[in-house]
Amino acid sequence: MNDDIERYTPSERSNHWAVAVLFILAGLSGLALFHPALFGLSALFGGGTWTRILHPFLGLAMFLLFLWLAIRFAGHNRMNDRDARWLRQWRDVVGNREDRLPEVERYNAGQKLLFWVLVLSMLVLVVSGVIIWRQYFSAMFGIETLRWASLLHAAAAFVLILSIIVHIYAAIWVKGSVGAMLYGRVSRAWARKHHLGWYKAVVRERK
Amino acid sequence: MATQDIIARSATTTPMPSVRQVGEVAKLIDTSKCIGCKACQVACSEWNDLRDDVGSNLGVYDNPIDLTADSWTVMRFAEYENPAGNLEWLIRKDGCMHCEDPGCLKACPSPGAIVKYANGIVDFNQDKCIGCGYCITGCPFNIPRISQKDHKAYKCTLCSDRVAVGLEPACVKTCPTGAIVFGSKEDMIEHADGRIADLKERGFEHAGLYDPAGVGGTHVMYVLHHADQPSLYSSLPDEPAVSPLVSLWKGVTKPLALFAMGAAVLAGFFHYVRVGPNRVEEDPEPGEPIVHEVDPSVHVVDPKGRE
Numbered sequence: 001m002n003d004d005i006e007r008y009t010p011s012e013r014s015n016h017w018a019v020a021v022l023f024i025l026a027g028l029s030g031l032a033l034f035h036p037a038l039f040g041l042s043a044l045f046g047g048g049t050w051t052r053i054l055h056p057f058l059g060l061a062m063f064l065l066f067l068w069l070a071i072r073f074a075g076h077n078r079m080n081d082r083d084a085r086w087l088r089q090w091r092d093v094v095g096n097r098e099d100r101l102p103e104v105e106r107y108n109a110g111q112k113l114l115f116w117v118l119v120l121s122m123l124v125l126v127v128s129g130v131i132i133w134r135q136y137f138s139a140m141f142g143i144e145t146l147r148w149a150s151l152l153h154a155a156a157a158f159v160l161i162l163s164i165i166v167h168i169y170a171a172i173w174v175k176g177s178v179g180a181m182l183y184g185r186v187s188r189a190w191a192r193k194h195h196l197g198w199y200k201a202v203v204r205e206r207k
Numbered sequence: 001m002a003t004q005d006i007i008a009r010s011a012t013t014t015p016m017p018s019v020r021q022v023g024e025v026a027k028l029i030d031t032s033k034c035i036g037c038k039a040c041q042v043a044c045s046e047w048n049d050l051r052d053d054v055g056s057n058l059g060v061y062d063n064p065i066d067l068t069a070d071s072w073t074v075m076r077f078a079e080y081e082n083p084a085g086n087l088e089w090l091i092r093k094d095g096c097m098h099c100e101d102p103g104c105l106k107a108c109p110s111p112g113a114i115v116k117y118a119n120g121i122v123d124f125n126q127d128k129c130i131g132c133g134y135c136i137t138g139c140p141f142n143i144p145r146i147s148q149k150d151h152k153a154y155k156c157t158l159c160s161d162r163v164a165v166g167l168e169p170a171c172v173k174t175c176p177t178g179a180i181v182f183g184s185k186e187d188m189i190e191h192a193d194g195r196i197a198d199l200k201e202r203g204f205e206h207a208g209l210y211d212p213a214g215v216g217g218t219h220v221m222y223v224l225h226h227a228d229q230p231s232l233y234s235s236l237p238d239e240p241a242v243s244p245l246v247s248l249w250k251g252v253t254k255p256l257a258l259f260a261m262g263a264a265v266l267a268g269f270f271h272y273v274r275v276g277p278n279r280v281e282e283d284p285e286p287g288e289p290i291v292h293e294v295d296p297s298v299h300v301v302d303p304k305g306r307e
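Chains as they are written, first to last, in UniProt numbering: chain A, 1 to 207; chain B, 1 to 307.
Source of the hints: derived by calculation from the structure; they are not laboratory data. Fair warning: this is a prediction, and the values are worked out from it, not measured in the lab. Treat the hints with care, since some could be wrong.
Derived contacts from chain B toward chain A, CB cut-off under 8 Å, selection only [as the list claims (entries may be wrong)]:
#1 His-226
#2 Trp-249
#3 Val-252
#4 Met-261
#5 Val-275
#6 Glu-281
Ideal Cβ placement from N, Cα and C applies to all residues, glycine included.
With these hints in hand, go ahead and build the complete structure from the sequences.
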């Protein structure tokens, strides 16, 4: 186990889990206002009014920490031709036939796609969220802007939540991933199997 | 009012009590009879115990200049030069229109914060209001206002407390020219017909009733001398309707989105059950060839090879 490879530094892990906790809190408080069927979630935050008060602050904190995380990871998430091939072979991906897939760098195409979808939905959420933040900002905007912002905020939240469902499932499905984000290290076999390109680079660096 | 009389309730997806048949009421505001005295504003503030801040004179008669959480009705004064070159002073008492299809109620996320009574009155329950302001986003008439004191939404109640015990709204009771009348919606339409016929006789050929169909009709209606151009009356919407953006935001998209989220979770569960987890063989057998052959790290892990 001593030759495990470090995949995430302690700061990266802290950053990730801070965003994750804030996502859960902002997500649950937002879902309470998303549809009447979920209004009961507002009880977790001290009632409807507290949910309304807290949600924007939770969301803003999530955005700022996500921004930091995104800046750390953006360089590893540039799409290339191999990624297009990886995505076309999605049946091999979900079928656990990784041996047929092109060599993967630090992140595979699915992870990269997720990264950019998250960046986009977070940006839409923060801009539309400020516009519909009634207590401080809404009075500065016209009614049509408010209506567009309300619609886009809900739509972006939907995309974000759906993406995170996929993200969480992928972590449960691909054994070793959760450990990587919790303890920072992955085994060499894990790195070879899932991220051969990255593994080779790490080994080259060590030589 | 008895809860049996609530026929629509915000953020509620099940049917409301609907066994009782209650007649619909309406307030009729005859702009051709209004003299702009603002007695209705005073009566509103008296009955509802509201005291707005003393504002500033902005050089027009409108005072306060806009609706606020403490001013649920305001007179709006428009100076209109008609095609004959004469000035017409078009005065409109602005306030909640009590829509049959209320955009505020559709937008509100807090169960029961906005209700519609069987008699047509749309009322805000401030104890359930969470202060998000979605009612403002939903309203086609720009009526609700959030108080800066308590961050709750307020608007005209059509004096639901008075109407419930058989009284007319305070503004109706006080109007010195009879420009505001109140009764069953049917009677008010009939009353308006008489007024419109009178106005037409006196040369206002486009006189008519403002009871916009786009919001299912309203329980506050206007008699207008120029019913063909409602916007002359300080931007009264010509064809008000709940915005398609609001309908999309609060309509079919939300249950579909919830369904998709649930489906995504289920899809993950069944993928795990059918395909199973993706594991790494951590302890290959000594004779297992592939890994070792392609493993360039063998030099790194072997201390002898390193030194």
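Going down the list of hints, with the structure as the test:
1. His-226: With a minimum Cβ separation of about 25 Å from chain A (threshold 8 Å), the hint on His-226 of chain B is violated.
2. Trp-249: holds (4 Å)
3. Val-252: At 12 Å from the nearest chain A Cβ, Val-252 of chain B fails the 8 Å test, so the hint is violated.
4. Met-261: Because about 6 Å separates Met-261 of chain B from the closest Cβ in chain A, which is inside the 8 Å limit, the hint holds.
5. Val-275: Status holds, d = 6 Å.
6. Glu-281: OK, holds: Glu-281 of chain B within 8 Å of chain A, min 6 Å.
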